[in-house]
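Q: Please build the complete structure, drawing on both the sequences and the hints.
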Amino acid sequence: MIGLTVWALLFGAVLAYQGLGLVRNDDRWPALSDVLRVTMRYPLGRWLLFGLWLWFGWHLFIRGWRFFLRA
Amino acid sequence: MGPILHPSWAAALLGQRVAAEPHGWWDVVRHDVIPVASAYMVFLGLLITYRRATRRVDAGPGHHADRQRGDVPTDLTPGWGDLIRYLLSTVAGGYVFFLSIVGVFYFILGGEDLEFINQALVEGSLLTFALVFPAFLLFSGIDDLRSRRGGQTRRGRRRGAP
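Residue numbers (my numbering), protein chains in the order written: chain A, 1362 to 1432; chain B, -2 to 159.
What the hints contain is simulated information worked out from the structure, not anything from laboratory work.
Keep in mind that this is a model prediction, so the values were computed, not measured.
Glycine included, every Cβ here is placed at the ideal spot set by N, Cα and C.
Be aware that a few hints might be false.
[Unchecked claim] Derived DEER-like restraints, expressed as beta-carbon distance ranges:
(1) B:Gly100 to A:Ala1369: 26 to 32 Å
(2) B:Gly21 to A:Phe1372: 25 to 31 Å
(3) A:Leu1405 to B:Phe113: 43 to 49 Å
(4) B:Val119 to A:Arg1385: 43 to 49 Å
A: See below:
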């Protein structure tokens, strides 16, 4: 249960950061969507993001629901 | 709290957690600390990339060449050949990165066997090249068709670019 709580806190922090970035839309607090858009200008960034997206989809749609990194 | 009180997904999740109970500090490090630290490093890397890219833009017109850096097509009228090359390089590179995630975090740190790696290789390649790549092409085609019907020309549109 502690693990789930920590994961929930981490996801909550990410969402809170995104909210802050959207409300204060400047370079000091960039929204994650802005960060991803800039990262995708570069091949390495696209490979990294596509790899992570693929890994996430592989977990959800092919392997079935497994908690992250617990095989 | 009995398992009957949990939703079905939570019961499966908790059951799995019990099965994967760590047996020592090294288990905690390799299953929890290293993956979370890696994700955090990736997050920091994204922020640093953003900061550097926006600094170049803020530096003024003298740094115009820097803005062109990266692999975004600067030709605003790319054809299907350009789009296919762009998509293939993206999905192939991403697929290699996906395999490296599986290799490092499941095979080396997670102690999975080679069968698991083979499974990831086959399933990941199916997902990438049989599903995602055709879907990207299909959606690009639909977008192109809609643009033509809407009276827009392809000039000025950055098709395939994020």
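Q: So, for every hint listed, does it hold in this structure?
A: Each hint tested on the structure:
Roughly 29 Å separates the CB atoms of Gly100 (chain B) and Ala1369 (chain A), a value that falls within the hinted 26 to 32 Å. In this structure, Gly21 (chain B) and Phe1372 (chain A) meet the distance hint of 25 to 31 Å, their C-beta atoms being roughly 27 Å apart. At about 27 Å, the beta-carbon gap between Leu1405 (chain A) and Phe113 (chain B) misses the expected band of 43 to 49 Å. Between Val119 (chain B) and Arg1385 (chain A) the beta carbons are some 45 Å apart, a value that agrees with the proposed interval 43 to 49 Å.
Going down the numbered hints, you'll see the structure goes against just number 3.
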